[in-house]
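Novice: Sequences listed follow chains R and X, in order. Counting along the first sequence from 1, when you hit position 272 you're at 272 in the working numbering, and nothing is skipped either side. Counting along the second sequence from 1, when you hit position 118 you're at 118 in the working numbering, and nothing is skipped either side.
Derived by calculation from the structure, the hints in this document are not laboratory data. Take the hints with a grain of salt, since some may be wrong.
What follows is a set of in silico ranges between Cβ atoms, one per label pair, in the way DEER data are often shown [stated by the list, open to error]:
#1 R:ALA36 x X:GLY108: 37 to 43 Å
#2 X:GLY108 x R:GLY509: 46 to 52 Å
#3 R:ARG327 x X:GLU160: 14 to 20 Å
#4 X:SER39 x R:ALA36: 18 to 24 Å
#5 R:ARG427 x X:GLN9: 41 to 47 Å
#6 R:ARG241 x X:ALA124: 34 to 40 Å
#7 X:ALA157 x R:GLY442: 37 to 43 Å
#8 X:GLY112 x R:MET251: 36 to 42 Å
#9 X:GLY21 x R:ALA36: 27 to 33 Å
#10 X:GLU76 x R:THR71: 39 to 45 Å
#11 X:SER39 x R:ALA256: 29 to 35 Å
#12 X:GLY112 x R:PRO376: 34 to 40 Å
A quick note: this is a predicted structure, and the numbers were derived from the prediction, not measured. We put the CB at the ideal spot given by N, CA and C, even for glycine.
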Amino acid sequence: MSALRIYVPGDAAAVACGADDVALAFAAAARKRNVAIEMIRNGSRGMLWLEPMAEVATRRGRIAYGPVTPTDVDGVLEAMIADGGPHPLCIGVPDEHPFMQKQTRLTFARCGVVDPRSLDDYRAHGGYAGLARALEKTGEIVDVVTRSGLRGRGGAGFPTGIKWKTVAEAKADRKYIVCNADEGDSGTFADRMIMEGDPFVLIEGMTIAGIAVGATKGYIYVRSEYPHAIAVLNDALHMARRGGVLGGSVMGSSFAFDIEVRVGAGAYVCGEETALLDSLEGKRGVVRAKPPLPAHKGLFGRPTVINNVLSLAAVPLIMDKGAEFYRDFGIGRSRGTMPIQLAGNIKHGGLFEVAFGITLGELVDDIGGGTLSGRPVKAVQVGGPLGAYFPRALFDTPFDYEAFAARGGLIGHGGIVVFDDGVDMARQARFAMAFCAVESCGKCTPCRIGSTRGVETVDRIIAGIERAKNLDVLTDLCNTMKFGSLCALGGFTPYPVMSALTHFPEDFGAPTRLEAAE
Amino acid sequence: MTMRIGARQPWDAQLATELIGAHLGGEGILLPILHDLQSTFGYIPEPTVPMIADALNLSRAEVHGVVTFYHDFRHEPAGRHVLKLCRAEACQSCGGDELAARAESLLGIKLGDTTANGSVTVEAVYCLGLCATAPSAMFDGRLVGRLDPAKLDGLLAEAER
Ligand SMILES: Cc1cc2nc3c(=O)[nH]c(=O)nc-3n(C[C@H](O)[C@H](O)[C@H](O)COP(=O)(O)O)c2cc1C
Ligand code: SF4
Ligand code: FES
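Build the full structure now, drawing on both the sequences and the hints.
Specialist: And the structure:
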């Protein structure tokens with residue numbers, strides 16, 4: 001009999017919930033029973049409330065159990081040996097779980113399925129088909145990406161194809177592909193999951209970008225808070241070089257491309273693309289004035305494509321299946337799918353990839369199952385620390401760049417953080433200002449000084465000191481920051497602040513509607 | 001980067017020279033050098049600033065400016081253990097503020113400080129990417145999700161051992 005194949009995620013979120021101990025327990029339990037097992041540390045499928053979720057390969061496909069603790073392992077192993085037999089923790093075939101069935105997994109098709117440290121497994125699941133296609137018609141890559149409608153997933157939503165075209169047309173002795181893996185937004189972890197669960201898709205996407213624009217060197221700038229992702233990426237890069245898909249001759253072609261991982265140092269602002277480039281150059285992460293655009297003068301003054309992990313990871317499939325295939329998902333000017341991250345006080349938190357157009361309410365209530373605490377949802381923050389707080393009244397907003405903008409919000413990198421009715425929105429507004437003060441690069445006064453003034457002003461409002469006057473001061477301050485800041489750190493911090501104030505005035509000491517009516 | 005507490009070396013100028021030298025010739029090498037120094041010595045020892053400046057043909061002020069800009073780089077050694085508590089929004093929504101307050105009151109220090117006996121440094125971190133299994137923490141490089149008072153107390157006890 002061949003060895004029993006068991007999957008225990010090596011994803012950081014699974015590990016944080018005990019996956020390493022569970023993996024050790026499986027090894028020990030198997031030894032005790034004298035059964036041969038083959039253990040694969042896969043990525044997470046994204047049903048994070050079920051982590052650590054262990055799986056076994058059976059004749060009926062993979063069968064999952066979760067959340068597994070080391071004390072459950074003996075019983076779970078017994079069920080696994082019985083060809084994926086019943087157990088109280090059994091959740092059946094993971095792909096048949098309602099949370100998975102409601103998704104359209106394009107970028108995350110392989111995440112949680114494959115062994116992230118196996119190039120063969122990646123290839124067996126369709127990997128490198130996109131690059132092979134791209135090599136057949138290198139002159140068309142930029143056009144395909146443009147026609148797919150892909151927009152940057154890092155936050156700003158800029159059309160990826162147009163960015164690539166600018167770099168492709170620029171003349172220079174050297175060009176660069178930079179992957180923005182700084183993922184600093186609270187409530188987001190999709191980049192991390194791809195890097196840990198399917199690193200080759202990012203490597204393939206960057207390689208295609210390099211061939212498209214004529215760059216031979218790529219950097220992945222990963223935040224230091226992601227040690228697991230850094231380790232997986234470095235292993236994968238090593239394997240890609242050995243496998244001939246990276247290096248002097250990419251897949252036997254005349255194209256050379258190589259990638260290096262660089263590690264950030266705990267500065268949120270380094271996620272901003274020009275600050276990131278300065279950081280890569282070994283400087284302080286200070287935002288550069290634009291123009292020049294990075295596409296013209298980027299890393300070391302050379303034309304540079306800088307894209308988010310998810311933007312680059314979407315490309316292999318687009319090349320393989322065609323621009324139309326991708327573009328046919330989504331609504332309006334938001335084409336394709338978005339890996340949405342359900343986070344915070346939510347029952348079914350995790351990674352949910354779906355075509356644009358699903359409403360916020362469906363995501364939070366139907367998919368996410370409401371709060372983990374069981375209390376009513378009071379507010380959700382969409383798009384990270386610079387994103388607006390939305391009340392339930394706005395839950396009909398479709399997930400779409402323009403629809404969110406029209407309601408004074410942004411989708412950013414696709415993170416949704418849920419808060420129950422215990423949250424004090426004045427405190428959240430204070431935090432937004434405090435975070436901006438801590439993370440400001442210091443270049444513009446409204447951001448650097450305004451945020452500190454903002455904290456003080458919210459404090460006065462909370463303390464009930466000259467409330468009306470200080471609310472005006474806060475509103476003024478937000479306007480100054482919005483229009484006088486060079487980048488979105490200072491410029492968008494007013495979103496969480498003003499949305500909290502607009503939608504939850506009672507938390508700022510305003511009479512509640514009931515009191516006002518009396 | 002991740003702290004390898006056990007691997008912390010006492011100050012050694014020769015070793016620092018070697019660590020810096022290993023990067024020479026590459027592009028944009030200042031951050032990689034600083035990460036290597038910190039993971040070796042546990043902080044960025046002051047004497048390395050002029051050494052780096054010389055090796056990279058930068059002014060001391062420039063190197064100092066970079067070292068102080070980034071939150072990760074320490075100017076003095078941390079405690080024997082480092083506990084990072086996530087203070088960002090997703091963790092706030094699940095009681096992260098209360099846990100931070102608990103750690104502060106149990107240890108009698110503020111976030112950012114080290115206990116008097118040098119056993120543990122407690123710091124704020126803004127998101128560890130574990131936002132669906134919040135609140136989150138990192139203890140000496142080990143990730144902890146679904147943090148609650150009992151788990152926190154366990155980590156603090158471990159720090160005293
Ligand atoms: C303060 C700030 C932080 C940012 N952080 C990130 C980040 O962590 N990851 C990211 O991909 N983009 C981030 N961005 C957006 C980038 O500046 C840029 O738009 C993005 O890297 C472009 O890639 P894309 O077109 O693929 O989205 C940030 C922007 C600002 C202003
Ligand atoms: S808005 Fe803030 S972070 Fe952005 S460039 Fe200005 S000072 Fe720097
Ligand atoms: S907000 Fe705490 S881990 Fe993301």
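Novice: Each hint: holds or not?
Specialist: Status of the hints after comparison with the structure:
| no. | hint | in the structure |
| --- | --- | --- |
| 1 | R:ALA36 x X:GLY108: 37 to 43 Å | violated, 52 Å |
| 2 | X:GLY108 x R:GLY509: 46 to 52 Å | violated, 33 Å |
| 3 | R:ARG327 x X:GLU160: 14 to 20 Å | violated, 58 Å |
| 4 | X:SER39 x R:ALA36: 18 to 24 Å | violated, 38 Å |
| 5 | R:ARG427 x X:GLN9: 41 to 47 Å | holds, 43 Å |
| 6 | R:ARG241 x X:ALA124: 34 to 40 Å | holds, 38 Å |
| 7 | X:ALA157 x R:GLY442: 37 to 43 Å | holds, 40 Å |
| 8 | X:GLY112 x R:MET251: 36 to 42 Å | violated, 50 Å |
| 9 | X:GLY21 x R:ALA36: 27 to 33 Å | violated, 48 Å |
| 10 | X:GLU76 x R:THR71: 39 to 45 Å | holds, 42 Å |
| 11 | X:SER39 x R:ALA256: 29 to 35 Å | holds, 31 Å |
| 12 | X:GLY112 x R:PRO376: 34 to 40 Å | holds, 35 Å |
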